[in-house]
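A.B. asks: So you can see what is in the structure, the chains are spelled out below.
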Amino acid sequence: MPDPDEPSPLKGLGERIAARRDERAREQARKSSLASTSGLGLGLRIATELVSALAVGVAIGLILDNWLNTAPWLLITFFILGAAAAMTNLIRTAKEADAAQARERAAAAGSDDSRRDGETRTNRDRSSPATGSGTDTTRPGNGGNEREG
Amino acid sequence: MAEKTSTNGGGGGFELHPMEQFELSPIVPIQIGDLNLSFTNSSLWMVIAVAIISALMMLPTRGRAMVPGRAQAAAEMLYETVANMLRDSAGKEGRQYFPFVFCLFSFLLIGNLQGLIPGSFTFTSHIVVTFALAAVVFLGTTVIGFARHGIGFLKFFAPEGAPSWSLPLLVVIELISYLSRPVSLALRLFANMLVGHALLKTLAGFVFVLGVAGVIPLAGLVAITALEVLIAILQAYVFAILSCIYLNDALHMH
Numbered sequence: 091m092p093d094p095d096e097p098s099p100l101k102g103l104g105e106r107i108a109a110r111r112d113e114r115a116r117e118q119a120r121k122s123s124l125a126s127t128s129g130l131g132l133g134l135r136i137a138t139e140l141v142s143a144l145a146v147g148v149a150i151g152l153i154l155d156n157w158l159n160t161a162p163w164l165l166i167t168f169f170i171l172g173a174a175a176a177m178t179n180l181i182r183t184a185k186e187a188d189a190a191q192a193r194e195r196a197a198a199a200g201s202d203d204s205r206r207d208g209e210t211r212t213n214r215d216r217s218s219p220a221t222g223s224g225t226d227t228t229r230p231g232n233g234g235n236e237r238e239g
Numbered sequence: 054m055a056e057k058t059s060t061n062g063g064g065g066g067f068e069l070h071p072m073e074q075f076e077l078s079p080i081v082p083i084q085i086g087d088l089n090l091s092f093t094n095s096s097l098w099m100v101i102a103v104a105i106i107s108a109l110m111m112l113p114t115r116g117r118a119m120v121p122g123r124a125q126a127a128a129e130m131l132y133e134t135v136a137n138m139l140r141d142s143a144g145k146e147g148r149q150y151f152p153f154v155f156c157l158f159s160f161l162l163i164g165n166l167q168g169l170i171p172g173s174f175t176f177t178s179h180i181v182v183t184f185a186l187a188a189v190v191f192l193g194t195t196v197i198g199f200a201r202h203g204i205g206f207l208k209f210f211a212p213e214g215a216p217s218w219s220l221p222l223l224v225v226i227e228l229i230s231y232l233s234r235p236v237s238l239a240l241r242l243f244a245n246m247l248v249g250h251a252l253l254k255t256l257a258g259f260v261f262v263l264g265v266a267g268v269i270p271l272a273g274l275v276a277i278t279a280l281e282v283l284i285a286i287l288q289a290y291v292f293a294i295l296s297c298i299y300l301n302d303a304l305h306m307h
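Order-wise, the sequence lines are chains A and C. First residue of the first sequence: 91, per the working numbering; consecutive thereafter. First residue of the second sequence: 54, per the working numbering; consecutive thereafter.
Honestly, I wouldn't trust all of these hints.
Some but not every residue of chain C turned toward chain A, in silico, with C-beta under 7 angstroms [as the list claims (entries may be wrong)]:
(1) Leu220
(2) Leu223
(3) Ile226
(4) Ile229
(5) Ser230
(6) Ser233
(7) Val236
(8) Ser237
(9) Leu240
(10) Arg241
(11) Leu287
(12) Val291
If you're looking for bench data, these hints aren't it; they were derived computationally from the structure. The beta carbon of each residue, even a glycine, is placed where N, CA and C say it ideally should be.
Using the sequences and the hints given, assemble the complete structure.
C.D. replies: Here's what the structure looks like:
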């Protein structure tokens, strides 16, 4: 028989589950950064990003030139536009990598911002307390939405 | 990539054909009109990849054990990797596209990895294959974008906060940038697989040519094989995660 005075163990179970799930998602976000940590992957990404935008620009220029009989002019225009697009791609990729790195660094430094929001979770003390290196300006786990600014 | 380059390896008339491994050879020739629909060695290895994935996913999970065995743990790990990747980059709305992303990732992963088995064929080293996959991703995300936001999806090509006089120029640049997505997606995977395998074959040729001194390229070969395993996994991952990011753009328009 359950003791009516004792709070039911099921009380707030939903909250606890939700909190734990949030926490896990944040942990996962920290871990799953294979693409950002690998300099090799990033380098290859940037290289293809550059080449492909330029190639698309040149292709559009050539096709339009062929179609409109405007010999070299559209090719030249779209070559330049393609180069501009390549630079845009490049800057975006670099920004993205920067953001991922900042997130990672913040996650490595102060890893329990989850402590602050409520004490619904009681049975988790495995995460080591923050070692005082306060890099709280960039908070971890704010999704992946800061790309393509 | 069917051209045959015969590079002479020098020394003793030993011939090196680093590109020969990428040649397509029909196993079951099928010709319909002008279309060559032969079942090639590339198709064969695609079927093998699908068979491996199906076996990995279906056989160990038949028992539905609460405590997974080794094979089931591997299957679950693959599932979780993709699920997390999709959730991290495309959010909750991305969930419904999980089957597609999972198929894409596992197909590329197994395709890249099985290509490292000596004597096998790497179908991802053909730009036709990678570009077809990239085109599906590109067209799919574009259709999703327009279906979700209607004509408002065109705002995607107009950067916010830009002065209106620069808009025509910026829209063209954004458009080129957008169109370059499938090209870079296809090019990256194809180039990585092609270069890696050609390099392995070339270095392997040196081992025989150099005789005793061949241990030096052999050592390099071991290291590069390890690197190739990493690249095989990484490129499948990058392809899948970029697909998720493009999906996120289509769903949320950044």
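A.B. asks: Would you mind marking each hint as holding or not holding in the structure?
C.D. replies: A quick look at each hint next to the structure:
Look at Leu220(C): its Cβ only gets to about 14 angstroms from chain A, farther than 7 angstroms, so that hint breaks. For Leu223(C), the suggested interface contact is broken, since its CB lies about 9 angstroms from the closest CB of chain A, more than 7 angstroms. Taking 7 angstroms as the C-beta contact cut-off toward chain A, the hint placing Ile226(C) at the interface holds, the least distance being around 5 angstroms. With 7 angstroms as the threshold, the beta carbon of Ile229(C) comes within range of chain A, its nearest partner Cβ sitting at about 4 angstroms, so the hint holds.
For Ser230(C), the shortest C-beta to C-beta distance to chain A is roughly 4 angstroms, which falls under 7 angstroms, so the interface hint holds. Given hint, Ser233(C) at the interface with chain A, holds; its Cβ is 4 angstroms from that chain's nearest Cβ, closer than 7 angstroms. For the restraint placing Val236(C) at the interface with chain A, the shortest Cβ-Cβ distance is roughly 4 angstroms, inside the 7 angstroms limit, so the hint holds. Proximity of Ser237(C) to chain A holds as hinted, the smallest CB-CB distance being about 4 angstroms (cut-off 7 angstroms).
Taking 7 angstroms as the C-beta contact cut-off toward chain A, the hint placing Leu240(C) at the interface holds, the least distance being around 5 angstroms. A hinted interface residue such as Arg241(C) counts as satisfied when its beta carbon comes closer than 7 angstroms to some beta carbon of chain A; here the least separation is about 4 angstroms, so the hint holds. Here the hint on Leu287(C) is kept, as its CB sits about 5 angstroms from the closest CB of chain A, short of 7 angstroms. Because the closest C-beta pair between Val291(C) and chain A is about 6 angstroms apart, less than 7 angstroms, the hint holds.
In this structure, the hints that do not hold are numbers 1, 2, in rising order.
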